[in-house]
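Given the structure of chain A, go ahead and fit chain B onto it with the hints provided.
For the record, the sequence lines run as chains A and B. The first sequence begins at 1 in the numbering used here and counts up one residue at a time. The second sequence begins at 80 in the numbering used here and counts up one residue at a time.
Bear in mind the hints are in silico, worked out from the structure with no lab data behind them. Glycine residues also receive a C-beta, built at the ideal position from the N, C-alpha and C atoms. Hints should not be assumed to be uniformly reliable.
[What the hints assert, rightly or not] A partial selection of chain B residues facing chain A, derived with a Cβ cut-off under 7 Å:
id, residue
1, Asp256
2, Pro257
3, Leu260
4, Leu291
[Unchecked claim] For lysine to aspartate or glutamate, the following EDC-like pairs were computed, each having C-alpha atoms within a straight-line distance of at most 20 Å:
id, chain 1, residue 1, chain 2, residue 2
5, A, Lys59, B, Asp282
6, B, Lys538, B, Glu660
7, A, Lys31, B, Glu660
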Amino acid sequence: MTVRLAPEGGIVLDGVCPVNDAEPLQQLLLKHPDAWVDWRGCEQAHTAVLQVLIAAKPKICGPTRSAFLQKWILPILGR
Amino acid sequence: VTEFLEQFLIEGRELVQQTTEDLLALEEAPQDQAPLDSVFRGFHTLKGLAGIVEFPAMSRVLHAAEGSLSAVRSGNQAITAEAITDYLACLDQVSQWLDELEREDRLPEVQDSTANALAALFEESSPDISPAAMAAPATAQPNWIEPLLAVHPEQRGAARVAVRYRPDRDCFFRAEDPLALIAALPGLLTLELTPNEPWPSLDALDPFACNLSMTALSSGTFDDVTECLRSATGQFDIHALAPARPVTGRPALSPEALAVLEDQLLLAREETGQGFAGRLGSAGQVSVNVLRHAGWADAAEALRHVLAEGLRMGQAAPFAECLQKLISEPLPASDTEIDGPSLPRSDEIAVRALRVEVERIDAMVRLVGELTVLKNSLGHATRLARDGINTVALGALLTEQHVRLDRLVQELQRSLLGIRILPMRYVFRRFPRLVREMAGELGKSIRLVIEGEATEADKAVVEGLSEPLLHVLRNAVGHGVETAEKRAAAGKSPTATIWLRAARMGERIIVEVEDDGAGIDTAKVRAVAAARGIAVPEAIAAMSEEEISRLIFAPGLSTAASVSEVSGRGVGMDAVRSAVERFGGHVEVASRPDGGTRVRFEMPIAVIMSRVLTLEAGSQIFGVPLENVVETARLAREQIIRIGATQAVVLRDRTIPVVNLANALGLPGAGAQAGQANVVITSTAGQLAGLQVDRFGEQLDVMLRPMDGLLAGLRGIAGTTLLGDGRVLIVLDMEELLQ
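This is chain B alone, in the form it adopts within the complex:
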């Protein structure tokens, strides 16, 4: 990619993002001039960029959109939700082109038809006539078309051409038969005949003067219609309409249908045994019927075959698999369609380029300068050492230089990490669009309130939160929030609210997703947990509502129980939890029946630098993240009491379990010594625990490297770092270790 295109990519992406935000703001406040101006500027600048890099398809589409926006600005056209969707579709397309450019290292080759189809979205309503648009039959939609479409709303989707034809008064003398021409129109959808002058009484009617005007809608092509009317005289207008929105894939399954299908799936998965064939047969028949009813005729047919085969073989598995696939099927691939409300893909979330303030760079340049000075003075010290200066003086010199180096490295680290600090806005900004579209797909009315988007954290944390947040938001929209009718029945406002909040608490960042929906259906969770064998039925029955809510994070529970068009993408809440824990964060959920659900993420602000306390146990050195350490205590050995198989210590009236680190890790212990025991009191997820070690070490700032390769699966270890003397320091993951 040339530098030119590189710049185009970066600026293009920023403009698309900014303009998307402005469009959503405009939708919120259609009367506001500021977002409208900003949207217009965005499209205009994007068009300019496309011109610079010579990308005609993009210029063409953006020009059409800009023309339509200009009509909105001049007050000739109202801004509607459909128009916003069209503009967003246009930006989506641009975004895809940018992706393609990045992937292929060259400007994408775009079919004229693609660009034309997209441009046509705007040109029907655009009074602006561009050279490219001139090729299209017409640009401004005359005022007679909308009433015509309004009378025949059912034809709006199919109509591609609108015709208005007023034959000359004396056309009959030229052997013309206007209605015969109309009768021959391809794909005639509607026909209206109106008298040019009110009909006179029959005796006053001149039967050889044409008094009729005709308006018609056709599903034929503009060219065919024009050809058909070629011989006609008089006034006629032929207008191409915006292309009919392509129907993508199957209609979404309703939540009710999904619930029924899920139940059939559970039924089909039950152990085989008595009544197996009957059970499978009826589960299958119900599923086939539901699918057929939902308009999934092809899927229903396929499933019926699998079912018949399964019944013949006496096996339920093929049927269950097929059904599972159907209900967890992702949305039809709509993002290649011009109007596909494509969800931002997760790889788009990653911030590809950082904008860094000049001051930060200057500060680093200054630091590098100081490091150079230090390097020179170290050279001086080595010469002194070679010349045989006395060791005490050399030691003093080196100590002084070490202190300086320490300070400089710390500063450099801080500045570098500072560059990586991003506001949560980078992730949050994608969500309003997403929620708008998911809500639209499900026919729900949802308001997304974002708070604290300026809260900052390390780039890795901010990006690491995007996928989990996306999943939780999908859940909130898909399951948490009820339909408007259900909400009204529950006495709630028909418009649901989802809050997305970020806040900083010390060295942690708190991000919450809260909805005012129905709360977690704990009865269903209980049933599914029991059916999947997450826990024994007695244990499930004994669990409090709160504990049941927490079960959604259990592996194996969430996937199938929460499958739907919007929320079912094969990622369960257990994946959310592990994604968050990878960053040393944790996630919890609170839910009230009919009151809503709140999912709360707590993450460290920075993941790269961790402060650890080193310890020795079993003649090995370990690190414990300082954030887990509450205190270090030297206790009399007798204070550690044995309770059954475990040990505990009573400290300030609290009983704290104690784990002998060497034993827990299967290392040779230091032996049962009399006298004192060294115990580190740690706090993990609010739980105190003691770690008995041989010796306490020191506090260190370390760059933690996560375990990879063969060791990635090791539990209880957060990562490793190299110590100054070359030894490897293993940093413990307290949460995993104590489980």
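One chain only, chain A, in its complex shape:
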């Protein structure tokens, strides 16, 4: 899985996150509303996944490997 709960409690996004990651991400965020999302290993994420992040606005642990996410999505998540 490219989306998983880390042993320390953070939610990790890894590699290329496909559309199917959106629902598990949503469920994890619902279960752990205060969890960090660690996207340092994320290379790309589907719009559906990002939409969940945008709606939930979790705390982010970065930077990501994707310049696009870092430059354009991170500022939106911070708002």
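Frame of chain A; chain B shown alone:
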């Protein structure tokens, strides 16, 4: 050029000029309907002309401008300073095309891209859809673009395409990834994501329904962006924005930077000697730093090389020359750019075609008719002479005919010269635009007030004034008027005023350029005059402020001291003075510290016909312009007194210097006769002087021909004319003669 194109040229030029004036009037009063209507009509008529001569590029551009103006007229669009600049740029382009047509004798071949780029200035905001504009992606700028640009003002220059993309709600099921498409956009500048509906709480969010809309700005081309989004579904708008304004050349040097550079130049030009290398080295380093700071990196680099070379060779000249060139460099050639606020070139000032009222032509036709009658009666007189009529009767007949001929020729001359009479408006009308642009370049706020533009003078005088006035106006804008901050500090209104006035005084026309700026920096003039060796330091120190002001007309003073982007075009005030004096005019300057500067031109209304008084001296005949003659006096020889090397006469309690004309011209004098001396009292630039001659002649109207060829450089001579008996009459230039 066919007659058709000839007409197109004349009318096109007039329309461009008129519309330019209307645009400036519109900028003054944006709420006024009249100038707006007039501008619209101007563009419309120009477009019509372009259609008639089949000039599609011009039609295309004018059509776009007209469409945008029509939106302004219907109240859908506000008129802004930028819009005025765009319309002016459009007219500039038309003007250039007209010039090219005149030069090349055929319609210019215009690249589609040129016309499209210019048209795009208007089409972004034009709701009008033309067949040509249809090819462009879109015409009306939708209302979401401006807010987007407003949020990212820094991208306004670079953005070429704006994208708004609202993917379908179910797009995820079609394996679409909208943000991946956006991420792949070429030249992405900004990205905004907004929810279509407010975000629900996380548990209510449907992760497989797309709730996002995206707006983005890109610096990529319209085609590339479109290609990139080809596979997307949903609603999307892609809009080409007006092209980014090309950056032309280097940024202008600030006055402060220029002042520093000028000082370095002076330093570098000092005589070599002790401390030379150190002085040159530091002057050079300062200059390089200033240039670099001003964003002239390439120039700084070039100068650094020249400096290093100069230091190695122990020579300052190459460095000084290079620096001089840099600071007197004209504006980058911007008039080929669509938005280049090109200054009207001087050759444009010349009036190419005259519109003459029918009445004037009719009057001349009538005069020619009378001349024909006279010619016939002269034929009759010759027959009488051949048949041996007595000479007294023939003499009476010829005298009568001569009087008639004299009257007719005079009338004909008057009518012809009347045709050449133009109002000053022909020159003045170019200046509001010019001042607007120069002020804009320098970031100054300046109001130009024009008075007396209907004052008339001969075409040659009116045109002859245009170059000097241009120069003086440039000086006023560049040096006379302070920046808004300095003005505020001096307690003045932040908007400066420059007055341009014309008035007629008798046979002279007075034209003044006055500003309410800082006045002439006499301390600087003193320093520069001393540095350039215009006069010895003691003399400069002894000069009054007024005399120092007048020094700006001295040759060699003005060029480098007044170099800047706006005013430095290599013409000094000395050139202004000589240009004016060529027409028998003169120029003076008055300046008050912090109160402003006034330059006053005084010119004859007509230059062609001059009334002269003929004189004889050293058995030669000379003419003196009657305007210089105050009176003729027959004096007892004893009245002329010798004062040192000069002579003078006391006339009505005034001591007037007297020059013996024959001696002054190196001619054999008539010898020291006892008895009476003939003296012409002349007035030149307010100074009285006497001219001692052998004999007074008569008053004549002459067509003065200026000296040309080898004789052009002769001083003291205004020109020549042929006398009735074939002798050449040399007309003296009193001002030069008495210097």
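Each hint, compared with the structure:
| no. | hint | in the structure |
| --- | --- | --- |
| 1 | Asp256 | holds, 5 Å |
| 2 | Pro257 | holds, 5 Å |
| 3 | Leu260 | violated, 9 Å |
| 4 | Leu291 | holds, 6 Å |
| 5 | Lys59/A to Asp282/B | holds, 18 Å |
| 6 | Lys538/B to Glu660/B | holds, 16 Å |
| 7 | Lys31/A to Glu660/B | violated, 94 Å |
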